[in-house]
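S.K.: Here is how the chains run, residue by residue.
There are 2 protein chains.
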Amino acid sequence: MHIPSLKQQFQVAFSYDVHFTEGLFNADNTLIRDVLKQDGGAEPRKIFFVVDDGVAAQHPQLMGAITSYVAAHADVMQLSGPITVIPGGEQCKNEPALVQQLLDAVNTYHIDRHSYFVGIGGGAVLDLVGYVASVAHRGIRHIRIPTTVLSQNDSGIGVKNSVNAFGKKNFLGNFAPPYAVLNDFEFLLTLEDRDWRGGIAEALKVSLIKDAKFFAFIQYNAAKLAARDMPAMQYLIHRCAEMHLQHIAGGDPFEQGSSRPLDFGHWSAHKLEQLSNYRIRHGEAVAIGIALDSVYSHLQGRITEAELDQIISVIRTLGFALYEPEMSVHLADAAHPQSMQHGLQEFREHLGGKLTIMLLEKIGRGVEVHEMDGQLVEEAVRKLQQY
Amino acid sequence: MHIPSLKQQFQVAFSYDVHFTEGLFNADNTLIRDVLKQDGGAEPRKIFFVVDDGVAAQHPQLMGAITSYVAAHADVMQLSGPITVIPGGEQCKNEPALVQQLLDAVNTYHIDRHSYFVGIGGGAVLDLVGYVASVAHRGIRHIRIPTTVLSQNDSGIGVKNSVNAFGKKNFLGNFAPPYAVLNDFEFLLTLEDRDWRGGIAEALKVSLIKDAKFFAFIQYNAAKLAARDMPAMQYLIHRCAEMHLQHIAGGDPFEQGSSRPLDFGHWSAHKLEQLSNYRIRHGEAVAIGIALDSVYSHLQGRITEAELDQIISVIRTLGFALYEPEMSVHLADAAHPQSMQHGLQEFREHLGGKLTIMLLEKIGRGVEVHEMDGQLVEEAVRKLQQY
Ligand SMILES: NC(=O)c1ccc[n+]([C@@H]2O[C@H](COP(=O)([O-])OP(=O)(O)OC[C@H]3O[C@@H](n4cnc5c(N)ncnc54)[C@H](O)[C@@H]3O)[C@@H](O)[C@H]2O)c1
Ligand SMILES: NC(=O)c1ccc[n+]([C@@H]2O[C@H](COP(=O)([O-])OP(=O)(O)OC[C@H]3O[C@@H](n4cnc5c(N)ncnc54)[C@H](O)[C@@H]3O)[C@@H](O)[C@H]2O)c1
Ligand SMILES: [Zn+2]
Ligand SMILES: [Zn+2]
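In order, the protein sequences belong to chains A and B.
Mapping to full-length UniProt numbering: the first sequence position 263 is 263, numbers consecutive.
Mapping to full-length UniProt numbering: the second sequence position 154 is 154, numbers consecutive.
Calculated from the structure, these hints are not laboratory results.
A portion of the hints provided could be inaccurate.
Pairs count within a copy or across copies, as identical chains cannot be separated in the list.
Below, computed lysine-lysine pairings styled on DSS-like, alpha-carbon distance capped at 27 Å [claimed, not checked]:
| # | residue 1 | residue 2 |
| --- | --- | --- |
| 1 | 168 | 7 |
| 2 | 354 | 210 |
| 3 | 169 | 46 |
| 4 | 160 | 46 |
| 5 | 46 | 383 |
| 6 | 224 | 213 |
| 7 | 354 | 37 |
| 8 | 46 | 168 |
| 9 | 383 | 210 |
| 10 | 210 | 7 |
| 11 | 46 | 7 |
| 12 | 168 | 354 |
| 13 | 46 | 354 |
| 14 | 354 | 169 |
| 15 | 160 | 354 |
| 16 | 160 | 362 |
My request is simple: use the sequences and hints to build the entire structure.
M.R.: Shown next, in the form of C-alpha cells:
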C-alpha cells in the first residue's frame, strides 16, 4: 500500500500598532478608546487590567485614573473584575500562583476572545500577562502598556512572552503578537536611574549593528540621556522600537530557524547576569557585552581603534560600568560552568549546535562569525578591566 | 508632542507533512527516520514518546517496537527518558498533573527546541501532548501519531491543541502546527466500533458542504465502512484529511477572525455532548447534528426531499442514531440552558456576537446563514424522532 503524503503549507498574517503618548488615562486622551474601536464591534468590550506593583506604588493616582477613564467611555468598554496589582520584576515570572490567579480571573470574569486583557508594567510583568493571555481560550486580545525603557523599546513591543519554571528563565512561553502596544512616556519619570539607563543599552546595540546615524545620535546625546533628558529619550525609544519591529518583521518572527542576529553583546550578558545572581541587570550586562565584543572586534582587526574609542566613550558617558569582577572568574577556563566564556557553549547549545555570534565590521554594521578565540576574549576582558 | 505610531506587519510561514503508513515501528519502515533527518542536523536527535494507555493496552508489543526502532536508528535518534504512558480519552485533558508531569520530563531529560516530542494516541492525548510541546521552551518540535479515525482525519492533523480547565473544555491552548503527522492505519484495527464509526461523521460533514463526489464515495461505501473495511477507510481518511488541510490553509488558520465554516452540524452536536454528559460521543453527536441541519435545510426549501433521503440513508447505513432523547428536553424553550436550542446562543457567544451557521444548498455545497428559525428546528427534531 502506498498513499501519498499530504503537504500542508500556509502563511498567517499578523499586525499590530505601537503607539506613543503621554497621559494615557487622562480624560481627553482617546488612544485606548480608539484602539478598542478598531475591532469594529458594536457593544462595549470587557477590559481587564493587571498592574505592576512597582508602577502602582510610584503612580498612586493610576488606579483611580483607569477607573474614571473606563467609566467615561462606557459606550466602548467596561471593566471586567477589579484592577489587579501583582508584584513587579523578575520574581513575578517565578510564581506559578500568579499564572493561576490571572487564569482564574479570565474564568471568573468571563473574559473571552473578544475581550481585552491589559498588562501595565515592566518587561517581567508584561511577559507574564502576555503568557496568560496567549494560552487562555487559545489566545485572548492582549494590550501591552510597557512602563520601562527596556520594555518600551525592546521586550514589550515584540512577539515573545514567557514565565520561568524549574528555576529556568523563560522555560514556558510562546510566540503571540499583542493586539496593540501603548507606550506612555510619563511612566518613565519614576524609574530608578539604573532602569532608565538599562534600556539604552538595547538601543546602542541595534545602532551599532544596523545604523551608524542612530549611533551618532546616541553619541551626541549621551550626556543628556544620562541626565534623564526626556525628548532625547523619546527619540531614542521611538527609533529603537522601529528598528526592533523591522528586525522581527524582516527576519524570523517566531524563531523557527536558529539564528538570533539581534543578540549582539548578549552571549556574555546572559552569563554575567547569571554569574552575578542578577545583581547585574540585563541592560547593564548588555552594555558590558557590547563593550567586550567591540574590543574583540578591534583585536581581530575588524574595527579601528578610533571606532572602538568612540564606542567605549559612549558607554561610559551613559553611565555604564565596563567591567565586573565576575568576568575574571575562571577566565581562561572556558569549560568551567562558572566562567563567563562558558556562556559561549551555552549560547551554542541554545542555538541548536551551531554557534553564531555577531561582531562589528564597522560602526553601524554587524557581521556574523561562527567561532570565538578564547585567548582574544581573555585579552578583551583584561583590556576592559584596565580602562 | 506627537510621535507617529509604528505599524508592525509580517507573515509567518508554516509547513508540515501528513504521512500515511502501516507498521510505523517495523524494522524496515524508514518513515520516522526520514522525517527526523529532514531537519538537516548531523548529530542524533533526542526523541521522547508519550503513549495513550488505551493504545498501549491494545498494542502490547508497541513499547518494545519503539525501543528497538530507536536503537536500530541510533545514528539519527536516541530515546530521551522512558516511554511515558498516560491515560487516554477526554479525562487526560482534565488533569493539570499530567501537564506538569510532561513538563517535568522536558526539564529532566533536557528536551530542547531541537529535540522531538512525540504523542501517540487519540485526539485527547494529542491535544494534551501538543499543548505541552507548544509552551515548553516557547515550542519544541512536536510529532503527532494519531490512533483514532477522528484524530487521523481531523483533530490530529490541524494546528490546535488544548487542555481543559475550570471544568471548561479547551480552556487552555494555542495554535501551534506540528512538525509532522504520521498516520499509521494499523492502529485503527483495535478501535471500538463506536470510535471507528465516529470519525466518519467528520468526513461526511466535509463532503456535504464541499465535495459531492466525496459524498458519493461515502454513500457507495457506507455498508463497507460500517463493516470495518480497511481500504475504504483509508481512502476516506486520506480525502477527509486533504480537505481539512485545505480548509485550514485557505481560511483563517489561527482563527483570528470569527467565522468557523467547517462547523457544519456542530452547533447542536456540542450541546448534545454536554446535555448527555458526554454519553453521546463527538462523532455520534456530529452525525445527529448533520441530520438535523440537513432536515432543516430541506424544510427551508434549500435541498430537495431526494437529497435529504440520501443523506439520512447514509447516516443510518453507517450505523449512527438519528435521534437522542436529549434533543426533546425543553425543545420549544430556546432560552432554557438545558435545551438543545440554547446551543445556538452559546455558539453565537463563542463566535463573538454574530451567529453564523452552515446549512446545505445542495449535496456538496454549504451556505452560511445568520439566523435559525426556532419553530423549524423543532419541526426538524420531530421529523428525526419519527424516522
Ligand atoms: N519578551 C521579550 O521579548 C523580552 C526581551 C527582553 C527581556 N524580556 C524580559 O523583560 C524583563 C525585564 O524587564 P524590565 O527591564 O522592564 O524590568 P522589570 O520588569 O524586571 O522591572 C524592573 C523594576 O521596575 C519596576 N517598574 C516598572 N515600571 C516602573 C516605573 N514606571 N516606575 C518605577 N518602577 C517601575 C518594577 O516593579 C520592577 O521592580 C525580564 O524578565 C526579561 O526576561 C523579555
Ligand atoms: N485539536 C483539535 O483541533 C480537535 C478537533 C476535534 C476534536 N479534538 C479533541 O479530540 C478529542 C477526541 O479524540 P478521539 O475521538 O480521538 O478520542 P479520544 O482521544 O478521547 O480517545 C477515545 C478512546 O480511544 C482510546 N484509543 C485511542 N486510540 C486507540 C486505538 N488505536 N485502539 C484502541 N483504543 C484507542 C483512548 O485511550 C480513549 O479511551 C477530544 O478531546 C476533542 O476535544 C481536538
Ligand atoms: Zn537584551
Ligand atoms: Zn467535529
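S.K.: Evaluate each hint against the coordinates.
M.R.: Quick rundown of the hints versus the structure:
1. 168 - 7: neither (36 Å within a copy, 33 Å between copies)
2. 354 - 210: within (23 Å within a copy, 47 Å between copies)
3. 169 - 46: between (32 Å within a copy, 22 Å between copies)
4. 160 - 46: both (24 Å within a copy, 25 Å between copies)
5. 46 - 383: neither (56 Å within a copy, 41 Å between copies)
6. 224 - 213: Answer is within; shortest intra-copy Cα gap is 17 Å, inter-copy 73 Å.
7. 354 - 37: Between copies, since 17 Å is at most 27 Å while 46 Å is not.
8. 46 - 168: This pair counts as between: shortest inter-copy Cα distance 20 Å, intra-copy 34 Å.
9. 383 - 210: This pair counts as within: shortest intra-copy Cα distance 25 Å, inter-copy 70 Å.
10. 210 - 7: between (37 Å within a copy, 20 Å between copies)
11. 46 - 7: Between copies, since 25 Å is at most 27 Å while 40 Å is not.
12. 168 - 354: Close inside one copy (22 Å), not across copies (43 Å); limit 27 Å.
13. 46 - 354: between (46 Å within a copy, 17 Å between copies)
14. 354 - 169: within (21 Å within a copy, 41 Å between copies)
15. 160 - 354: within (23 Å within a copy, 31 Å between copies)
16. 160 - 362: neither (30 Å within a copy, 45 Å between copies)
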